[in-house]
Structures are given as structure tokens and as C-alpha cells.
Amino acid sequence: MDLQTIWFILVTVLFTGFFVLEGFDFGVGILHPFMSSDDRERRAVINTIGPFWDGNEVWLITAGGAMFAAFPEWYATLFSGFYPALLLMLVALIMRGVAFEFRSKHDNPAWRSFWDWSIFAGSAIPALLWGVALANFIRGVPIDQSMNYAGGFFNLLNPYALVCGLASLCIFTLHGAVFLTLKTTDILRERAMNLAKKMWAPATLLSLAFTIYTSIETDLFRRLGLNPGIIPVFSILALLSVIVLLRRNASGWAFAMTAVAIAFSTVTIFMGLFPRVLVSSLNPEWSLTIYNSSSSDYTLGIMTIVAAIFVPIVLVYQGWSYWVFRQRVTPDSELEY
Amino acid sequence: MDQHFIIMNIVTIPHVTIAKEILMDTLFLARLQFAFTSVFHFFFVPLTLGLSIFTAIMETAWVRTGNEKYRKLTQFWGKLFLINFAVGVVTGIVMEFQFGMNWSEYSRFVGDIFGVPLAIEALLAFFLESVFLGIWVFGWDRLPKALHAASIWLVAIGSNLSALWILVANSFMQSPVGYKMAADGSRAEMTDFAALLFNPYVWKQFPHVLAGGLVTGGFLVIAVSSWHLVRGSKDRSAFETSMKFGAVYAFIGTILVTLAGHTQMQDLIESQPMKVAAAEALWETENPASFSLFTVGNEKELKDVFAIRIPGMLSFLAYNSFEGEVKGIKNLQKEYELKYGPGNYIPSIITAYWSFRFMVGAGTLMLLVSIVALYKVIRENYTFSPLLGAIMFWSFLLPYIANSAGWILAEMGRQPWIVFGLLKTEDAVSPASVVSSGELLLSIAAFFIIYGLLTIVDVFLLKKNAAAGLEAAQ
Chain A
152 MDLQTIWFIL
162 VTVLFTGFFV
172 LEGFDFGVGI
182 LHPFMSSDDR
192 ERRAVINTIG
202 PFWDGNEVWL
212 ITAGGAMFAA
222 FPEWYATLFS
232 GFYPALLLML
242 VALIMRGVAF
252 EFRSKHDNPA
262 WRSFWDWSIF
272 AGSAIPALLW
282 GVALANFIRG
292 VPIDQSMNYA
302 GGFFNLLNPY
312 ALVCGLASLC
322 IFTLHGAVFL
332 TLKTTDILRE
342 RAMNLAKKMW
352 APATLLSLAF
362 TIYTSIETDL
372 FRRLGLNPGI
382 IPVFSILALL
392 SVIVLLRRNA
402 SGWAFAMTAV
412 AIAFSTVTIF
422 MGLFPRVLVS
432 SLNPEWSLTI
442 YNSSSSDYTL
452 GIMTIVAAIF
462 VPIVLVYQGW
472 SYWVFRQRVT
482 PDSELEY
Chain B
64 MDQHFIIMNI
74 VTIPHVTIAK
84 EILMDTLFLA
94 RLQFAFTSVF
104 HFFFVPLTLG
114 LSIFTAIMET
124 AWVRTGNEKY
134 RKLTQFWGKL
144 FLINFAVGVV
154 TGIVMEFQFG
164 MNWSEYSRFV
174 GDIFGVPLAI
184 EALLAFFLES
194 VFLGIWVFGW
204 DRLPKALHAA
214 SIWLVAIGSN
224 LSALWILVAN
234 SFMQSPVGYK
244 MAADGSRAEM
254 TDFAALLFNP
264 YVWKQFPHVL
274 AGGLVTGGFL
284 VIAVSSWHLV
294 RGSKDRSAFE
304 TSMKFGAVYA
314 FIGTILVTLA
324 GHTQMQDLIE
334 SQPMKVAAAE
344 ALWETENPAS
354 FSLFTVGNEK
364 ELKDVFAIRI
374 PGMLSFLAYN
384 SFEGEVKGIK
394 NLQKEYELKY
404 GPGNYIPSII
414 TAYWSFRFMV
424 GAGTLMLLVS
434 IVALYKVIRE
444 NYTFSPLLGA
454 IMFWSFLLPY
464 IANSAGWILA
474 EMGRQPWIVF
484 GLLKTEDAVS
494 PASVVSSGEL
504 LLSIAAFFII
514 YGLLTIVDVF
524 LLKKNAAAGL
534 EAAQ
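If you read the protein sequences in the order shown, they are chains A and B. The first sequence begins at 152 in our numbering and counts up by one. The second sequence begins at 64 in our numbering and counts up by one.
These are calculated hints, taken from the structure and not from any lab test. There may be inaccurate statements among the hints.
Okay, derived cross-link-like pairs now, DSSO-like style, lysine-lysine, Cα gap no bigger than 27 Å in a straight line [to be verified]:
| id | chain 1 | residue 1 | chain 2 | residue 2 |
| --- | --- | --- | --- | --- |
| 1 | A | 256 | B | 132 |
| 2 | B | 402 | B | 363 |
| 3 | B | 527 | A | 256 |
| 4 | B | 132 | B | 527 |
| 5 | B | 297 | A | 256 |
| 6 | B | 135 | A | 256 |
| 7 | B | 135 | B | 527 |
| 8 | A | 256 | B | 208 |
| 9 | B | 297 | B | 307 |
| 10 | A | 256 | B | 526 |
Based on the provided sequences and hints, a complete structural model is requested.
Now the structure itself:
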């Protein structure tokens with residue numbers, strides 16, 4: 152296996168980790184205004200992700216850094232080409248990030264409500280935009296001979312990408328609702344369970360629609376072949392099983408299945424891309440691949456050593472932080488946010 | 064038809080045309096945005112660096128002595144730390160994205176090298192500070208005391224490590240090492256990672272930034288503590304303690320930042336003599352070289368209009384001896400023309416000159432204030448006259464002036480280069496066909512509005528929570 156392939160896999164792992172982890176805290180951010188009837192309940196809901204959201208977001212920062220280091224042309228073309236979408240995402244992530252810290256530091260209903268809706272919008276917008284971005288990776292965007300994006304903002308907002316955006320929005324919301332059934336008790340858990348059951352149908356229907364649309368709009372399934380392997384099939388099966396598990400009150404398994412559905416569909420898209428990283432809709436020859444966009448072998452070698460040492464360490468201590476805060480949160484707990 | 068004619072006429076009025084050209088100039092707009100977002104980001108970073116360590120010291124004192132006063136102080140300073148930290152983090156995401164968004168040609172040119180420390184920063188530093196901050200904030204009742212204190216130390220280590228890696232990246236821009244040019248000249252490629260990491264520039268710049276963080280934290284602690292002492296808040300003994308720690312902290316920081324700055328300046332004479340010459344408005348090569356106390360210069364003709372200079376002083380600063388040649392702007396321009404081809408290699412002298420003076424001036428005042436604070440603390444005299452109280456309070460602004468001025472000198476003094484000797488800033492910006500001036504104007508407007516809002520909210524929250532005192536921080 153060459154270094155470029157190793158780094159393609161690592162970037163896939165980083166994005167997958169980001170979607171699985173930040174996915175549920177986006178979901179909780181989207182749902183929290185609809186979960187709670189007073190400030191204490193709302194704080195309990197937000198506190199379920201309190202110790203985790205910042206560490207989850209670092210998966211995105213690391214994915215961005217890894218793209219820059221391993222595939223600078225991909226990073227440069229993508230970030231300059233998807234400009235307005237990324238600007239919107241930055242605004243959303245800024246408002247969301249400060250909202251978590253700011254909301255509790257002043258006791259005033261209008262103040263809290265402003266930051267609560269910042270958390271809502273700051274979670275919903277990236278949840279939607281990441282679906283739109285991923286769909287455009289695979290569908291193809293106008294990229295010219297010199298690897299520069301030659302389209303506008305509205306090239307990104309095609310119906311196919313929007314279906315994918317809505318699907319990711321709904322799946323993350325579902326993922327967040329299931330997470331809340333794991334982390335809350337009593338009335339909050341009941342509400343989360345109801346919301347999870349309600350979110351399941353749109354999330355599943357949109358995912359199926361996206362799958363069918365993908366077979367028409369892109370070459371993904373042609374490239375994967377008649378037998379696409381267990382990963383794409385399991386991503387659908389996992390999503391289908393969620394409703395059964397929820398009805399049996401098996402929150403833990405349901406959460407595992409939404410995580411699998413998100414992870415496997417992300418991996419499927421990257422498998423369909425390989426060895427391309429951004430498809431050019433103007434000329435297949437102009438697509439960015441892991442070979443024409445990568446750093447030198449020396450740089451990739453250094454990065455491989457660094458990743459081999461530090462990724463396991465990060466996984467251990469981040470995993471430990473989930474263990475420390477494994478208990479359910481109630482409105483009677485010590486609340487921070 | 065008539066109306067059209069009138070509009071055409073208005074547009075061709077000279078100053079309107081100039082304004083229009085500036086607004087269409089993507090290079091100018093991208094630079095404006097970078098200047099604004101990076102200076103703003105660096106308002107918050109040094110306090111994060113300094114206050115994280117300070118909070119960790121407070122908690123360690125609590126663990127070791129069991130004195131409840133230290134637990135209260137930990138929570139009090141920790142709360143201010145968190146308010147500041149949040150803004151530093153979110154404005155940092157903008158920095159990481161901005162290289163690709165506005166500077167795609169730069170990213171393609173240096174990604175092979177510059178991307179590496181950025182990725183390592185995320186993996187080594189950001190995970191550490193984010194995960195352990197979550198543990199620290201929510202773990203008061205869940206962890207043994209010592210482990211809880213260890214987690215704030217890990218946050219502090221993570222923050223300061225992130226400074227190291229971003230400075231490894233910046234040092235490559237200032238003084239490129241460990242690279243070769245690709246065969247087709249399209250990009251620089253890394254050949255020696257160790258050279259990048261042990262770039263002498265890094266180890267001059269990192270202590271300076273680190274000490275800058277200590278100073279920023281120390282002066283904020285002095286400001287808030289003296290404010291409470293002057294007003295006779297009920298937590299008098301606790302604020303006397305933090306005043307004591309803050310004064311020592313600020314004094315050590317100021318000494319270190321001065322020494323580190325001095326060695327950095329000596330390194331600059333070698334690595335970027337033009338930056339030094341511009342910061343000193345030194346037009347001609349001199350030996351011994353004089354230090355400018357005050358210069359009004361004519362930047363177009365490269366000469367003094369009015370100047371007071373101390374003979375030999377610049378040579379002394381550069382070489383610790385009153386002898387030694389320091390190259391002048393005109394000589395360096397000629398040298399660079401020979402080396403790099405025709406072009407203008409002179410940065411904005413007025414910017415370099417005054418940013419240097421603001422930095423050193425603020426540093427000198429900080430030294431005076433920290434000596435006074437230390438003197439009072441040693442005498443265990445915690446009563447402040449209204450004037451001295453006001454000085455102790457408002458001095459917290461001095462490190463902010465020095466931090467910003469220092470970075471403006473570092474970055475503006477390097478122009479016209481974005482990577483010294485390798486790539487010019489004008490060749491680094493995203494092509495206008497990809498990122499239009501309209502998109503840049505939109506993003507500048509968005510960041511102005513949001514950062515403005517963040518400033519108001521942040522100042523409001525810091526003030527409210529600092530004034531509320533220890534009991535409210537529980």
C-alpha cells in the first residue's frame with residue numbers, strides 16, 4: 152500500500168470520527184430547545200454533551216490539518232472553491248462554540264434564549280452543509296485544468312446535494328436523540344425516545360432516497376461493482392434496525408447502530424471516491440486524485456510516524472473522558488452550562 | 064440615457080474610482096481580513112497561555128495545602144479563563160480554514176511543509192486541551208483532587224504546545240529551512256523535518272511568545288486583584304494572595320519577555336536584516352549603528368525629516384558591543400535586487416518603525432509597573448492610592464498592545480514576502496476567478512460583525528464575573 156492510500160484512509164477515518172462523534176452533539180444542539188420546558192431541564196440536556204463537544208470538534212480541525220499536510224492541492228481547491236459554504240460553516244461553529252461557554256455566565260432569560268438558538272442554528276447549519284459538501288465531492292464540481300474551482304455558490308446547491316444535506320441533518324438529529332435516550336432519565340428520556348422514534352422515518356427515507364439518487368447521479372455504485380461489499384449494505388441495515396431497537400427500549404444498541412450507519416455511509420462515499428478526492432464535472436482528467444494532490448513521500452512518511460504514535464494516545468484519553476462521564480445527567484445533577 | 068450618463072460620470076470621479084479599485088482588489092482584501100482576524104485571535108491566545116498556567120498553579124496550591132482559599136481562587140480564575148478560552152478557540156478555527164480559503168496559491172506552494180505542523184498541532188495540542196478542559200470543567204466531583212489538578216495542567220501544556228507548533232509553521236515563513244524547491248519550481252518540499260523543528264527562529268520566537276502569555280496573564284491577575292483590594296471586597300485575604308502570585312508572575316514574565324525579545328532581535332539581524340532596518344528607520348548601513356529614539360521619515364525618498372538617534376546603541380543591541388555593522392534599507396534593497404531580481408523589497412517602514420516602538424514602549428512600562436507591584440507585595444503593603452490602583456488596573460492593557468504590535472512587526476516587516484525569499488504575498492492569494500472580491504467583502508463584513516459582537520459580550524462577561532468576586536464563582 153502506498154503512502155497516498157494510507158493517508159486517504161486516515162483522512163477517511165478522521166472525517167468518519169468527526170461525523171460519528173460531533174454528529175450526536177450536533178443532534179443534541181438541534182433538539183435541545185424541543186426537549187425542555189424550563190432552564191434546568193435545558194441545562195441538563197446541554198450538559199449531556201458538555202464535556203465532549205469540544206474534543207469532538209477537534210476531529211474536524213485534525214481532518215482539515217491532515218488534508219493540508221497530506222493533500223495540499225485538495226485542501227486548497229476545496230477551501231477556496233467552497234468559499235461561501237465554508238464561511239457559513241465558520242459563522243455557525245463560532246456562534247455555537249461561544250454559546251456553550253457564554254450561556255451560563257449570565258442569568259437572564261433573553262440572554263440564555265439567544266445563546267440557545269445560537270446552539271440550535273450553529274448545530275443545524277453544519278449538519279446540513281456537511282451532507283451538501285460530501286455529495287458534491289462525489290457528484291463532481293466544475294474544476295478546471297489547473298485545479299481551480301470554476302463554479303459559483305449555486306453549483307453546490309443542486310437537488311442531489313440538497314437531498315444528501317437533508318439526509319445528514321436528519322441522521323445527525325436522530326443520532327443525537329438516541330444519544331439523549333442513553334444519557335437522560337425520566338421525563339427527559341421519554342421525550343428523547345419519542346423524538347428519536349419520530350426522527351427515524353425521515354432519516355431513513357431520505358437516506359434511501361439519497362442512495363437511489365446516488366446510483367443515478369454519480370458513478371459510485373458502478374465503481375463499487377455489483378457486489379459492493381458489506382459496508383454500504385450494513386449502513387442501510389443498521390439504520391433500518393434502529394426503530395426495532397428503540398421499540399425494545401435498547402438505547403445502547405440503537406446508538407451503536409446510528410453510529411454504524413453514519414460511519415459506514417461516510418466510508419462508502421470515500422470508497423466510491425477513491426482514488427479521487429474531488430471529481431471534476433468538466434473533464435474526468437481534471438479530477439483531483441490522491442496522487443496529483445498529495446505531498447511528497449518524505450512528508451507523508453513523517454506524518455505517518457506522527458499519526459502512528461499519537462492517534463492511539465488520543466483515542467485512549469478521549470475514550471477515558473467518555474468513561475469518566477458515563478453517568479446519566481438529570482436536572483438535579485451539578486449543572487455547568 | 065441621461066441617467067446612465069450621470070452614473071458613469073460619478074463613477075469616474077478620481078477618489079471614487081480609487082475606492083472602487085481597493086474594494087475590487089482581492090489581494091488587499093485578503094490581507095485586510097488576515098490582519099483583522101489574526102490580530103483579533105491573538106487578543107485571546109496569550110491570556111489563554113498565561114491564565115491556564117496560573118489557574119493550574121492555584122489548583123496545585125489547593126491540592127498541596129488543602130486551603131479552601133486556593134480552591135476558590137482556582138474557580139474564580141478558571142471561570143475568567145473559560146470565557147476567554149472560548150473566543151480563542153473559535154477564532155482559531157477561522158485561521159486554519161483561512162489559509163485554504165483566501166490563500167490557496169500559498170497553500171499549494173507550502174502545504175508540503177506548512178501543513179505538517181498544523182496537523183501536528185491539532186493532534187498533539189488541540190485534543191489535549193479540549194478533552195482535558197471538558198474533564199476539568201465537569202470533573203470537580205468525579206475525580207480525585209490530584210487528578211483534577213493534573214487535568215488543568217494538561218490543558219495548560221496543550222495550549223502552550225499549540226503555540227509551539229504554530230510557531231514552527233510561522234518560523235518557516237520567516238526563515239525557511241529544511242526544504243528544497245520541487246523540480247518544476249511549483250512548490251517547496253520538506254527535506255528535513257528535524258531542521259524545521261529545530262529552526263533557530265522557532266527557539267527565539269517561542270520563548271518570546273510564551274513569556275508574552277505569562278505577562279498577559281500576570282497583568283490581568285494584578286488588575287483584577289488590585290481592583291478588589293482598592294474597593295475593599297470581602298475576600299480581601301484571597302485577593303492579597305492572588306496579588307502576590309500575580310506580581311511575581313508578571314515580573315518573571317516581563318523579565319523573560321525582554322530577554323527573549325533581545326535575543327530574537329539579535330537573530331533578526333542575521334535572518335531578516337530588512338525587518339530590523341525598517342524597525343529602526345536605518346536608511347544607510349552604519350558601523351557603529353545608531354538607535355532611533357524618534358524619527359519622522361520621508362518614506363518615498365528614504366530619508367529623515369527629523370530624527371533623534373543614540374549613536375552606537377543599535378550596534379550594542381545587536382552585538383552587545385558598541386561596534387558592528389547593521390545594514391541599512393537602501394543597501395539591502397540593492398542587495399535583494401541582485402539576489403531576487405528587480406522589485407521593491409522594502410516593507411512599510413512607518414508600520415515597522417511604530418509597531419516596534421509600541422511593543423518596546425509597552426514593555427518598558429510593564430517592567431516599571433511590575434517592579435512597583437513586586438515591591439508592594441514584598442513589603443506586604445496591599446493598600447493602593449486611587450492613582451496607583453488605577454495604574455495597576457489599566458496596566459492589563461499594556462501586554463495587549465505589546466502582543467499585537469509584536470505580531471504586526473513580525474508579519475508586516477517580512478513584506479513583500481509571505482515566505483521569506485521564496486514566495487511573495489501578491490503571488491499567494493487565491494485567484495480572483497475562484498474567490499471574488501464580492502465574496503471577500505462578504506466574509507470581511509461577517510467577521511467584523513461577529514467579532515464585534517464577541518468583543519462586546521466577552522468584555523461584558525469578564526467584567527461581570529471578575530467583579531462578582533469569589534463566592535459567585537462556585
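Now the hints, each set against the structure:
Proximity of residue 256 of chain A to residue 132 of chain B is assessed by CA-CA distance (about 22 Å); at most 27 Å being required, the pair is judged to hold. Note on residue 402 of chain B and residue 363 of chain B: the hinted pairing holds, with a Cα-Cα distance of about 23 Å set against a maximum of 27 Å. Restraint check: the Cα-Cα separation between residue 527 of chain B and residue 256 of chain A comes to about 9 Å, which is no more than 27 Å; the hinted pair holds. A C-alpha spacing of about 21 Å is found between residue 132 of chain B and residue 527 of chain B, which places the hinted pair at or below 27 Å, so the restraint holds.
Between residue 297 of chain B and residue 256 of chain A the alpha-carbon distance is near 22 Å, which keeps this suggested pair within the 27 Å criterion. Taken as a hint, the residue 135 of chain B and residue 256 of chain A pair is honoured in the structure, with Cα atoms around 17 Å apart against an allowance of 27 Å. As the CA atoms of residue 135 of chain B and residue 527 of chain B are separated by approximately 17 Å, the hinted pair is consistent with the 27 Å bound. With a CA separation close to 25 Å, the supplied pair residue 256 of chain A and residue 208 of chain B stays within the 27 Å bound.
Between residue 297 of chain B and residue 307 of chain B the CA atoms are separated by roughly 17 Å; this keeps the pair inside 27 Å, and the hint holds. Distance hint between residue 256 of chain A and residue 526 of chain B is fulfilled; the C-alpha atoms sit about 11 Å from each other, no more than 27 Å.
The structure is consistent with each of the numbered hints, conforming to all of them.
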